[in-house]
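**Q** If you're matching them up, the sequences are chains B and D in order. So the first sequence is residues 1 to 199, counted in our numbering. So the second sequence is residues 1001 to 1328, counted in our numbering.
In case anyone wonders, no lab produced these hints; they're calculated from the structure. Here the structure is a predicted model, which is why all the values come from computation and not from measurement. Watch out, some of these pointers could steer you wrong.
As the list claims (entries may be wrong) - Okay, the calculated beta carbon distance ranges per label pair:
id, chain 1, residue 1, chain 2, residue 2, range
1, B, Thr70, D, Ala1028, 24 to 34 Å
2, B, Gly168, D, Lys1048, 35 to 45 Å
3, D, Ala1033, B, Gln45, 14 to 24 Å
4, B, Ala71, D, Arg1035, 24 to 34 Å
5, D, Trp1051, B, Gly168, 16 to 26 Å
6, B, Ala71, D, Ala1033, 23 to 33 Å
7, B, Ala93, D, Trp1050, 51 to 61 Å
8, B, Asn83, D, Ala1033, 16 to 26 Å
9, B, Ala65, D, Trp1051, 54 to 64 Å
A virtual CB, placed ideally from N, CA and C, is assigned to each residue, including glycine.
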Amino acid sequence: MPAPAATSDEELMLAYAAGDAAAFDALYARHKGSVYRYLLRQCRQGGVADELFQDVWMNLIRARASYAPTAKFTTWLYRLAHNRLIDHYRASAHLTLVSADDEAHEETVAALPGARSDQPQVRAENRELGERLRAAVAALPPAQREAFLLQQEGGLSLAEIADLTGVGTETVKSRLRYALAKLRGDLVDLDDGLRESLG
Amino acid sequence: MNETERDRRVDAAWSAASREEPPPSLDAAIRGAARRAVDAAPPPKRDKHWWYPLAAAATVAVLAVGIIQLTPPEQVAPTIVADMAVAPREANKDVARPLAPADTKIVEPSAAITAAAPPPATPSPPAQAPARRAQMAASGNLARERAEAPATERDTPKQSPAARRELAAQDKLASAKSDAAAANTAASPAAGVSGTAAPPRSEPFPAAAAPEPQREAYAEERKPTPNTPAGAAATRVARSAAATNAEEAQTKSKVAMAKVATTDEAKAKEASARSVEEWIKRIRDLKNEGRLDEAAKELAAFRNEYGERADALLPADLRQMKMQPAAK
């Protein structure tokens, strides 16, 4: 088997579909963290994230024979995760898809509860940058959060996110714009500390 | 903000803040499941169409065996035997070989016209004609046959429609006189000789083997009046009479055919063994002994055998001798 680092995700997946178990190990090592974090940020519960994470990879294992490298492997992988997440939302009746994608819904977005970082006690608790940031992301509307996580964790492009989520590219761009604006607002008071931490 | 809607500071902060990993137990479970799925996978299936070539081969084999079994054996083997049996008749008029196409044309239109035609001249292998010629030359008949040949060639085109109608009428008369004989004639080896029906181009085994007595009768009848339509008609009437014995002769046909075949082969070998030098020596001996007629016959046989090459093979003295019989 060729060196995993020199092999693309698609080649590894094809090798695994052909019976190469080591190819799966390499593929899993590459993407397990990002997929896990994507699910964890979306459902916000560690136990549920573990279950969804395992389901996603089991679905991938079952679907290995039908895999065709027509698109990036990561697009296919996050599509599996996205679908599993939607199923989870439907099963738990927890789906809160608020359309906050364009300027017509600015009022709705403004009416959303602010990040917990706005609350003094939470701010006091989450001094650490990472904590503040995770909380800010968690406070994002689901659609914006998903777009943000797919971009950050999955490394997907706007077009890939649009394809995966079933919306237009401009919609994805709008979601990301709102998400980033909100995150900056949440972190503005830590801007200096953020600069220092980033060097 | 750039086109990709990314903020470098946010990206860096998120990378530093988000570092969760799945539990190791979950990792082990998923890797184990993946490995089990691969190990439990069935071996690669054979091509589901692997049996196509095998089925095609079996079909071809079955068809071939079926065709072979359905084909009557006499349509395959007797072709060679038929050629051998027809060869004597062919040899009697081998000089008139160019007639064969004309005869065939006459045979085709109807059975009545076919009756007037001579027996079908089935083309024999080229190797057999020289053998027969050598055999006839040894018996002294070849010169006479060659003398008859031009007459035959002249007569055959002169078989006018009136003569054909006459022959057809004679055939009908002969057929009416002996119904039983006619029935036998239709199914017996005499059918090809008597001319009551057009013989098939590839005669089946029994019809191809002309019975020995019948062939003798045919030879006897042919001697006195070989070339005229009336003579041919008389010959055919005699052959029709001989056809009444066809059933009996059929029983002897196989034995006779075997004898003829054996004799033909032996004579053919003998003729082929006779060299040009021996032949020329014999002609010269006859000439020196004063037996000019026999020498002329031998010379004619030689010329008949070698055709255009005869002049090149003959010495000068014998080459000049060629006009002597005609001069006499």
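**Q** All hints, please: hold or fail.
**A** Outcome of the hint check:
For the pair threonine 70 of chain B and alanine 1028 of chain D, the beta carbons lie near 32 Å from each other, so the given range of 24 to 34 Å is met. The beta-carbon spacing between glycine 168 of chain B and lysine 1048 of chain D, approximately 43 Å, falls within the hinted interval of 35 to 45 Å. With their beta carbons about 22 Å apart, alanine 1033 of chain D and glutamine 45 of chain B fall inside the hinted range of 14 to 24 Å. The hinted window of 24 to 34 Å between alanine 71 of chain B and arginine 1035 of chain D holds, with their beta carbons roughly 26 Å apart.
A beta carbon spacing of about 52 Å between tryptophan 1051 of chain D and glycine 168 of chain B contradicts the range 16 to 26 Å that was offered as a hint. Between alanine 71 of chain B and alanine 1033 of chain D the beta carbon distance is about 25 Å. The supplied range of 23 to 33 Å therefore holds. At about 52 Å, the beta-carbon gap between alanine 93 of chain B and tryptophan 1050 of chain D stays in the expected band of 51 to 61 Å. The given range of 16 to 26 Å is respected by asparagine 83 of chain B and alanine 1033 of chain D, whose C-beta atoms sit roughly 19 Å from each other.
Separated by about 24 Å at the C-beta atoms, alanine 65 of chain B and tryptophan 1051 of chain D break the suggested range of 54 to 64 Å.
Comparing the model with each earlier hint shows violations of hints 5, 9; every other hint is respected.
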